[in-house]
Structures are given as C-alpha cells and as structure tokens.
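Please model the entire structure based on the sequences and the hints provided.
Number of protein chains: 2
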Amino acid sequence: MDLLIIGGSDAGISAALRAKELMPSANVSIAVADGFPNFSICGLPFYLSGEVADWRSLAHRTIDEIESKGIRLLLRHRAQTVGPKQRTVAVTDHTGRRSRLTYDRLVIGTGAASVRPPINGIETPGVFFLRWMADSFSVDRYLNDKQPKSAVLIGGGYIGMEMADALTLRGIKVTVVEFADTVLGTVTPVFGKMLQEELERHQIQVVTNTTVESITVRNGAMIIKGSNQFEISTDMVLVAVGSRPETALARSAGCRTGLNGALTVDRHMRTNVQDIFAAGDCVETWHRILQKPTYLPLGTTAHKQGRIAGENAVGGDAAFEGSLGTQAVKIFDLVVARTGLGEREAKMAGFDPFTASLETWDHKVYYPNARLMTIRIIGDRPTGRCLGAQILGRHGTEVSKRIDIIATAIYNDSKVSDLVHLDLSYTPPLSSPWDPVQMCAQAWLREQERGSGAPG
Amino acid sequence: MDLLIIGGSDAGISAALRAKELMPSANVSIAVADGFPNFSICGLPFYLSGEVADWRSLAHRTIDEIESKGIRLLLRHRAQTVGPKQRTVAVTDHTGRRSRLTYDRLVIGTGAASVRPPINGIETPGVFFLRWMADSFSVDRYLNDKQPKSAVLIGGGYIGMEMADALTLRGIKVTVVEFADTVLGTVTPVFGKMLQEELERHQIQVVTNTTVESITVRNGAMIIKGSNQFEISTDMVLVAVGSRPETALARSAGCRTGLNGALTVDRHMRTNVQDIFAAGDCVETWHRILQKPTYLPLGTTAHKQGRIAGENAVGGDAAFEGSLGTQAVKIFDLVVARTGLGEREAKMAGFDPFTASLETWDHKVYYPNARLMTIRIIGDRPTGRCLGAQILGRHGTEVSKRIDIIATAIYNDSKVSDLVHLDLSYTPPLSSPWDPVQMCAQAWLREQERGSGAPG
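As they're listed, the protein sequences go chains A and B. Count the first sequence with our numbering and you get residues 273 to 728, in order. Count the second sequence with our numbering and you get residues 273 to 728, in order.
Take every hint as true, because none was put in to throw you off.
DSS-like, lysine-lysine: derived pairs with alpha carbons at most 30 Å apart:
(1) B:Lys497 x B:Lys418
(2) B:Lys292 x A:Lys687
(3) A:Lys564 x B:Lys687
(4) B:Lys687 x A:Lys687
Honestly, the hints are just simulated from the structure, not real lab data. Treat the numbers as computed from the prediction; the structure is a model and nothing was measured.
As structure tokens, this is what we get:
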C-alpha cells in the first residue's frame, strides 16, 4: 500500500502520521516543495519579532523525528501534475530533474498562497508577503541588512495585526492600512476599534477605509499611495490581505473546485477523483453551524482534516465534524478570540440573531490583578440556540479557553441557556461562581425574558 | 406573594435575586443568621493571607445593592422552627427577641457546618474552624494578637491547602496533617504527591496517613498528638476536614433527609413539604453522570440551585441540570482542577474506566514562557464516553478553563473522541494546533486503538 502525500505542512504531515499510526506497513511518502516540512507557519511573526531566537524551533517536529516514524520525506520536490489513471504524480526536484511517483492513495495538502492585490508596483523590492519559511527568511534578511525604520502593513487581519506587534517590538514605526472601517474584520467592529486603540497606544498608525493603489520608489524610499489621498513614505511593505487555495495540482487530476476556488471534498476528505483525498488550506471546509462548505483556512482545521484524510486513505471511515471558525490572536497585551457566527454572518445565514455584551472581571475583583474582559454572545432569538461568541481581554485572563467553552457548547448544538447550567470551575483567583461566560449568557436570557414576561 | 428565604449566603441570595427579577411584585425577605449577607466565603483564605486587604471587599454585593433590588434583609435573625401548616417561621434576633415570619413560599438555604472530628481538646483556645465571616474574624484576631509562629492544619482538602498557602504567605511555619495517603483526595494521588512537593518547596511540612487524636496545652504551646506516634508543638490549629449539611430547621418542617444527612430535593429544588424549597450546601445534589443524588457542597452549585429555587418559588419550572463536581484550586503557583469522575469513583459507579495521562506544554514551546501541564482524561472503555478529567499546571496557563472545556463536553454526554473533533482556538502564545486537552484525548484513543487493531 503506497500512500503518497503532496505537501509537508499541517495537513500533509498530519495525514502521514495518522496513516502510519494506523497502518505501520504502509509505504508513506511526502513530497515537500521546500526544505521545511512541518513548520509552524503561525509562528513566523514571533520569529520575526525576535521572540523566537532560532527559526529551527518553529518546527513542530524535526526531519529526524518524522523519518523515525518510517515516513519518507522527499524534500524540495515540487509536484507538477497528477495522472489519476496511471496513479502517478510528476515531480521536479530542486535540480530540475523530473521523475514520476506512483501511489495507491494520494493525499493533496498543497495549502494556500498569499493573495496578491492589484497594486501597481507590488513587485518592488522591499514589498513582502508572509506564508512560507522562505518568505520569512526574505523578511528577516531585509530587516537585518536594510535596518528599516518604518513599515507599512497592508491588511489589518490576523497576520497584519501580529506583524504590527512584531515589527513594533523590533523598534520599527508601523502603519497599518486597512480597506474596511475597522481592523480584524472577523470580529465585531466594537472589538476592532478597541484593538485599534491598543495599536495606537503602541505608537502604531492605523489608517482605515483606505485601499492601497500604488507603490513607487523615490529617493530610495517607497511611496505608498491609496484612496482618499492617502500617501506615506516607508522603508518596507508587508502585504497580508488573505489567502487563496493552491489547487493547480489537484485540478490536473480532475478534482473539482467550489467556493473561493477551493477543492470540493466530502466530510471524509475525499475529492471527486477515486483514491485522491485533500485537506487543509486548499479545500472547502464544512461549517458545523451553517451545515455547508465555507472557505476557512486555519491551522487547527488543517491538522484535523489531514488526520482524517490519512486515516481514510488507509481504509478508515473518519468524518470531519465541521469548523466553527474558532480563532484567537494575541496583540501586545490583548487577546481577541471568536467562535461560531458573528451577528452579520448569522443574519446572512437566515438566523434572527440577538447579541448580549457584558464587561466583567476575569476573576473575583477582591483577589489581586483582576482585569476586565468584554464578552459577546450571539444567539438565535426564536430558538435560543447559541450561534457564536467573541471575547476581548488581557493576556493571562483565560480568554482563549473561555471562548473554547462556548465552542464546545456550540459543537453540541447548545442553547444560550445551556451555558448557564454548565458546571464550570471556580476559585476566586481564576473566576467567579458564575463564570463570565455564564454571566453573559444570563444577560442574553434576561433580555429575552423581558420580552416574553416573567413566569408565575 | 410573600417569599421568605432562610440564609444569606450563595443559595439564599441567588434565590432572592432571581425571584425578584422574574416577579418584581413579590415580597422577598431573607433572614440572615449573621450580619454578613452575600459574602464570598471562598475568599476567606485570601483575606487571612493578606492578599485581600479589606474583608468588606469579600461581599459579592453590598447590603445597599441587595436592598436596592427591593429585597428585605433581616440581619442577625436566626430561624428556629418552621410551621408548615401555618406557613410560619419562628426567628430569634440578636437581642434574643422572638417573632414569627409568614410565607407563601419558603426557600431554605441554611448551608453547612464544619465537621468537628473526635479529637480530645478540640475546644482548646487557638483551635479554629473556617466557614463563616465570624470564623475568619476569630482567626484574624488571633493572628494579630498572638502572632503565632507555627500552625497545624488538620485536613489536606481544598481549604486546608489554601490556608497552608495563606499562612505561609504570612510568615507562619505550617504543618499539614492528613489522614489519607495524599493531600487533596478529590484528585488522583499522583497529583496529590505533586502538590505535596509544591508545599514542601515552600517549607511546609506534610504529614500523611496520620489521624490527629488529641490537643493539649503545655507551657503555653499546644501539643498535637496523633496516630503513628505523631507529636508536634504549635501555636495555632485550624481544622478543615469537611462539612455537614445544616438541616435542623428544615427537619422541623418535616423535610426529609438523605445522603450525608442532606435534605432530599427534586431537580426543581422542591423538598417533600408543600411550598418549601431548599438549595445549596444543605441539600443533596443531583449528579449529572451518576444520575443520582450526591453530597457535593460547592459555591457554584449553590448559586445555580438557589437561582432555580427562586425561579420556581415564584411559579417557574426550572430544573437543576446536575453537578459534575467541577473544582479548581490555586496553591502557590500551582493550579489543580477536576471535573466529572475520578477513576475510583467511576469504578464504584459501575463504569469500566481507562485513564490516559499526558504531560505537555500549555502553548507552543518556541514561544516564551511555555510551561508543562499534566492532563488526565478518564473514559469508559466499552462506550468511549468521557467520564472525567483532571489537570495540574502552573498559574497563568489556562488550566481551569481547560478543565471547563471538558466539563462542557461531559455536560453534553460527549465521548473522548468528540474532544478531538472540537474546534478550539489556537495561537502560538496560548495553545497548540491540537490543544493539550485534545492531545490527551488522542493519547486515550491511541491506547484503545492499539487494543482493537487499526482499520483497513
């Protein structure tokens, strides 16, 4: 049984490990386009900030660790085309030499690429994207060689926010340019504005409602121009406006694509082509609340989908249980986390959402170092179903695992009222007898009760 | 509609607030035995440690805040007997004056009392219990007046552990005497031993397998003697060996008692006597996994049960969804949390438990300050059902809200395999693509798979 995996990031490595775990006799090979299998690309901002001293520590596992499991790594082998009838994949190694790999089952985990927005001059040296290790080496080299004093980040999403933090830590004056009203558009604008204030407290300039149109060079500096007469001079540009699935290889095999051009897969991570599975940032992701595919490329999801693809490729029957779009980010001392649907997403999906927002202490205020957090719970008015939640608070106040309590409830189709009944842990240094999450659920219910009148 | 509530701690106040919220026209009165309604008695150790400077800040709400909701507080009114036919409660105020209060509905929240073990000399001055504000004032006065250099804590449970921390913070040399093999018997002995090491690192002496038998006074110091020739001289003793329900009042009304002598209630918090509800540490608590009553006195549960009693007393039909015995405690820099059943409890309940234990980092180890935590998941072998979990880790690593993820899963009758599918949040400073909880669930499954053979 020859299992061939294309892609050495989260999905591909997870697939290989799971397959080998379940079927030790399988021949499992992974073709990795670069020389950096199993790197935590979510960690790149922390490498560039200097918080991670050695880029090698970004590896989830070393090459030796992977090979010790009996997995064959074909480094610097780029897959070009798939011949599904012959069950072959044409690859080119870094010397340009072509060869043909055969498979009984194929798992495609080719990931995504950075979106290149239509900006004149985007090819200018000093303009960077950030996705793979090579990208981060380019940025690092530029930071060390050119010692830029200023940087413009195009895009106020997760990577933009983390890089704003990272470059500020390195003493660089940062400007964030975001086309929408607020940064971090995946959470409520209320949180986007609070995050903007945190950035501004750290001397970062945040420019919203602005589309960058051109990058030119004048007297050795880059001039960035955009809508609303935006113009700024800078030493460096980082573009982080999203990602698009890498599907050329799969399409050469006849795999269908759907939403955002991502590969269409079933919940067993099977493509439409016999014996070809796909997982991670290159595929559509089943949404557990919407009960339909979305495009939600996340490392957590890639790990899960890869594990399922690997299991099923060796004869298993595992199913992906769906994503809730759960995410967390730490920016300076702030943590912002979300799960499920936002109010706007819920409306678009046909729900009748109602949001309760509560500001409260992370633990009993009499115990030292209590800090305020803001919790928002979104529920469906007619059914009471919990649709989503967002929390913004300080680092060290269990914001991210509090969102996970709600993610776990939503996974189980809970109502907002179920949150009140949960038996959650309490000790004064860490929570309150009603956890903040439950206080917010009570606030949500109170509003509902006011509408419907009290019993008795 | 006259609602009378006996008891001004968690259950009683929660009942009053909920009733008034749902039926603003109700006359809601609370007879409070002492002058300290709605105090966070879980906070007493932090007051005695000096971390909470002013005992007044231990109040969840001030008297003014409670009264501003239209709730009548009868402070220093001790209820003596209930006449269920006449619907009256005989009370005595602090001057000794007797009176009779009437009710349409009665909620009894008389709480629990400290267990007094059969130790000769337990009445010796300098021997303390810790439950109510008056207890903590006595301890505080003794600490200030006598400046004890040493203290013996009898009992290595939650309060004993927190007081060991508290008195050490105040510069007192502490000895903990525990009758069992390990301290904190509510968690695995493995964790009990790790906690013991943490105590010993802070110069606390821990004596296990020892029953204290007598306390005598010699030359101004107390001599504590126990089994195994145990003998120690000390300036102060604190006894914390558990609590027993306070039910005399309810029994005077004809309310039945059950397990541990606690009041028998249904899941609507109704006693067997018409129009009398009861909640909190004085009642049996429905266990969600065992599906039968237990005695599990906890502040979180008292709040929930009180809220339900208050709702139902004004005509509602809320039901208590059950306890999982979820608890957390912080001792020095260590946090220990549990939910659901331990392995021994699971066996006694007729399950076939299997435990997986995993030591791993709280977040990606490449990001600074990653710390190790140990997670144990207990599942039922034949069904795969998740029965319980315990985590021990460092303060600041989201241990308590990680246990709550599992508590939420267990609330929903999840299998261990469901934990792997959960869409939990991830960012390198706060977790890993598989949260530690999920890694432990995978370890649990791996063992099962090894037993049953791989698919394909």
